[in-house]
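A.B. asks: The listed protein sequences correspond, in order, to chains S and P.
So for the first sequence, UniProt numbering puts the first residue at 1; every next one is plus one.
So for the second sequence, UniProt numbering puts the first residue at 1; every next one is plus one.
Worth flagging that the hints you see were computed from the coordinates, not collected in a lab.
Honestly, I wouldn't trust all of these hints.
Said to hold, decoys possible - Label pairs and their calculated CB-CB ranges: (1) P:P28 / S:E293: 57 to 63 Å; (2) P:P28 / S:G156: 44 to 50 Å; (3) P:T256 / S:Q220: 53 to 59 Å; (4) S:S335 / P:S49: 53 to 59 Å.
Said to hold, decoys possible - Residues of chain S clear of chain P, computed beta-carbon distances all greater than 10 Å: (5) L3; (6) K4; (7) K51; (8) Y63; (9) L74; (10) D80; (11) G99; (12) L121; (13) D127; (14) A131; (15) Q148; (16) N177; (17) T185; (18) K246.
Ideal Cβ placement from N, Cα and C applies to all residues, glycine included.
If you want the building blocks of each chain, they are given just below.
Number of protein chains: 2
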Amino acid sequence: MVLKKLGKQTLQFNSIPSIKSWASVVGPMEGQGPLADYFDVIWDNTLGSEKTWEKAEQKLMQYSMELALEKAGLLPTDLDFYLAGDLLNQIITANFTAGSLGVPFFGLFGACSTLAEGLALAGVLIDGGYAAKVGVSASSHHDTAERQFRFPTELGVQRPKTAQWTVTGCGSFVVENKSHGFKITQATIGKVVDMGTMNANDMGTAMAPAAFDTIQTHLQDTGRKIDDYDLIITGDLGLLGNNILKELLKKQGMDTGNVSDCGILIYSPEQDTHSGGSGCGCSAVVLAGYLLEQMRKGVYKRIFLVGTGALLSPTSSFQGNSIPCIAHGVVLEYS
Amino acid sequence: MVLKKLGKQTLQFNSIPSIKSWASVVGPMEGQGPLADYFDVIWDNTLGSEKTWEKAEQKLMQYSMELALEKAGLLPTDLDFYLAGDLLNQIITANFTAGSLGVPFFGLFGACSTLAEGLALAGVLIDGGYAAKVGVSASSHHDTAERQFRFPTELGVQRPKTAQWTVTGCGSFVVENKSHGFKITQATIGKVVDMGTMNANDMGTAMAPAAFDTIQTHLQDTGRKIDDYDLIITGDLGLLGNNILKELLKKQGMDTGNVSDCGILIYSPEQDTHSGGSGCGCSAVVLAGYLLEQMRKGVYKRIFLVGTGALLSPTSSFQGNSIPCIAHGVVLEYS
Chain S
1 MVLKKLGKQT LQFNSIPSIK SWASVVGPME GQGPLADYFD VIWDNTLGSE
51 KTWEKAEQKL MQYSMELALE KAGLLPTDLD FYLAGDLLNQ IITANFTAGS
101 LGVPFFGLFG ACSTLAEGLA LAGVLIDGGY AAKVGVSASS HHDTAERQFR
151 FPTELGVQRP KTAQWTVTGC GSFVVENKSH GFKITQATIG KVVDMGTMNA
201 NDMGTAMAPA AFDTIQTHLQ DTGRKIDDYD LIITGDLGLL GNNILKELLK
251 KQGMDTGNVS DCGILIYSPE QDTHSGGSGC GCSAVVLAGY LLEQMRKGVY
301 KRIFLVGTGA LLSPTSSFQG NSIPCIAHGV VLEYS
Chain P
1 MVLKKLGKQT LQFNSIPSIK SWASVVGPME GQGPLADYFD VIWDNTLGSE
51 KTWEKAEQKL MQYSMELALE KAGLLPTDLD FYLAGDLLNQ IITANFTAGS
101 LGVPFFGLFG ACSTLAEGLA LAGVLIDGGY AAKVGVSASS HHDTAERQFR
151 FPTELGVQRP KTAQWTVTGC GSFVVENKSH GFKITQATIG KVVDMGTMNA
201 NDMGTAMAPA AFDTIQTHLQ DTGRKIDDYD LIITGDLGLL GNNILKELLK
251 KQGMDTGNVS DCGILIYSPE QDTHSGGSGC GCSAVVLAGY LLEQMRKGVY
301 KRIFLVGTGA LLSPTSSFQG NSIPCIAHGV VLEYS
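For reference, chain S alone in the conformation it holds in the complex (with noise of 0.2 Å):
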């Protein structure tokens, strides 16, 4: 039996997958920035009405994944599975809006690379005929995630200049089984990469090198070369990440001029953000807020969209543990 594969680690899509609707939520600072044109909704503060900051993240999950239902025409209960995930432990966003949804489930973790883990499961659910729409989320919320994994954000700890910026953002996706528009042709499925990188500040050096190794064996495995794609971008590896990658790729003779990051450009220098963005909502709210409305314009025709996790946890770090990382791929094509 021949497997719909190629090399290794890429799915192929034949029946060709397409996202027919997508929204995107985010946080004041995020509607500061260079794509602020580009979401659907801005929050003028991180609460969104809600006491807590975790139940703001949920409700940033649910409006955007209502939102692009409502875009779609669609009802949550036309949706055959609902795939998502986010940072928070136990992933309880994700867990709490699939309950106001009320759809078949599937929990996902990646950190920041579970929008492109879910893109690629929604295209194996539907390419392998077992669903007509599958919805998508992955969200981030800055202060979540800071008291999460690092130090409550009241505390006003300094953060050092290899830190990202969390995003405060959710983007959901519907996707459905007819080949139109904005198609997932491919995706290709990362290994662990984890170099022995162990500081908790500086996930970009961390994750670079998982980065790499899934563009490259995306290229080994589909026979491309780099410029077949009129973009490679990442989410997130940051700006210190972003040239650590571009370096390696430049040492295997490829071009990089098409290679950015989602985390760069989600804030302007100016925002002080220092690395960059990242989190989950990073990669999900500018593929859904800019990157497909660009592709729509005819800007992109071909993207490699590269979701890059540091799986790490805190206790992991404190018991001297390196930082495993891991990135997904999907090829996303507009025609």
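Start from chain S and add chain P according to the hints.
C.D. replies: Okay, now just chain P, sitting in the frame of chain S:
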């Protein structure tokens, strides 16, 4: 296009993915229970020569997957994908194990429903033609779970009678695209059910309605009756939750003589675990260590394994939220 689905929630696997091999590694408490003879390896302490319980849990997962591979005459690199999850924040057990195995990895979170979620997605990847061999693991560890979700075990906090005892153990499986022996024929993907219960020391009561919903939906989707199964086994409702589930089924006029629970089977009443076992590892080791052997002996021909997950976090409980629960079911048939 006709979907490979029955009803709204049940995936139908026509090419019949099958479990080729499996292994279970457990701690001392499980090794003193009634299923001791069925486990592959029993540790005589909970640290397994590691310095922390978290590293010990990772060793449980890695060793059980390597053992399952060895039984099948395979290397990790023979796997197309690895699907795994556990109870720890950011599923670090699975992340580090995936790093050691070096296989393309999908990280899952479904609390105690994780094994069923993994077997269902393994079924999709194989039946859909995307993979020939998939590894699946789910683990838990009593001491890592207690200190993360409740209190460090060194404190000696008295447990209420409604509490379940988190299993120390991991079950791992190799699923392949050859129809033989132990077949995964269907999977019913659960919706989140939240009945508003808030007692984090009584998971069985919280999860029973989710198990009921998935069993009832499965029977409707497939047009089967409850006695078309030799065994319907939840993982893990414990004694209390099992009683509630049986009451709910009886109210629908169903005979519940074939309804049992992995958390009840794994410990004897003399072990004083109160309501029975729980944790991602519980259903995984009971399936790997006991149920598949019973199927091989002909005791059971068709079982419905229903993984039940309580999708709360300490943070969501502290903030006054109820417990969202989910149940995923997989049909296993032996011939």
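A.B. asks: Now look at each hint and say whether the structure bears it out.
C.D. replies: Comparing the hints with the structure gives:
A hinted range of 57 to 63 Å for the beta carbons of P:P28 and S:E293 is consistent with their spacing of about 58 Å. Here the CB-CB span from P:P28 to S:G156 is close to 47 Å, well matched to the stated 44 to 50 Å. Distance hint check for P:T256 and S:Q220: the Cβ-Cβ separation is about 54 Å, which falls inside the suggested range of 53 to 59 Å. The given range of 53 to 59 Å is respected by S:S335 and P:S49, whose C-beta atoms sit roughly 57 Å from each other.
Separation of S:L3 from chain P is inadequate, the least Cβ-Cβ distance of about 6 Å not exceeding the 10 Å criterion. Non-interface status of S:K4 relative to chain P is broken: a Cβ of that chain comes within 10 Å, the nearest being about 5 Å off. Not every CB of chain P lies more than 10 Å from the CB of S:K51, the least distance being 8 Å, so the non-interface label is violated. Non-interface status of S:Y63 relative to chain P is upheld: no Cβ of that chain comes within 10 Å, the nearest being about 18 Å off.
No beta-carbon of chain P comes within 10 Å of the beta-carbon of S:L74; the shortest separation is about 15 Å. At roughly 7 Å from the closest C-beta of chain P, the C-beta of S:D80 falls inside 10 Å, breaking its exclusion from the interface. Not every CB of chain P is more than 10 Å from the CB of S:G99 (nearest about 4 Å), against its label as outside the interface. Non-interface status of S:L121 relative to chain P is broken: a Cβ of that chain comes within 10 Å, the nearest being about 7 Å off.
Not every Cβ of chain P is farther than 10 Å from the Cβ of S:D127; the closest lies at roughly 7 Å, contradicting the non-interface assignment. Remark: the non-interface label on S:A131 conflicts with the geometry, its nearest Cβ contact in chain P lying 7 Å away (cut-off 10 Å). Remark: the non-interface label on S:Q148 conflicts with the geometry, its nearest Cβ contact in chain P lying 8 Å away (cut-off 10 Å). With a closest Cβ-Cβ approach of about 7 Å to chain P, S:N177 is found to fall inside the 10 Å limit, against its non-interface label.
With a least beta-carbon separation of about 14 Å from chain P, S:T185 lies farther than 10 Å from that chain, consistent with its non-interface assignment. The Cβ of S:K246 sits about 24 Å from the closest Cβ of chain P, beyond the 10 Å cut-off, so the non-interface label holds.
Of the hints listed earlier, those the structure fails to meet are numbers 5, 6, 7, 10, 11, 12, 13, 14, 15, 16, in rising order.
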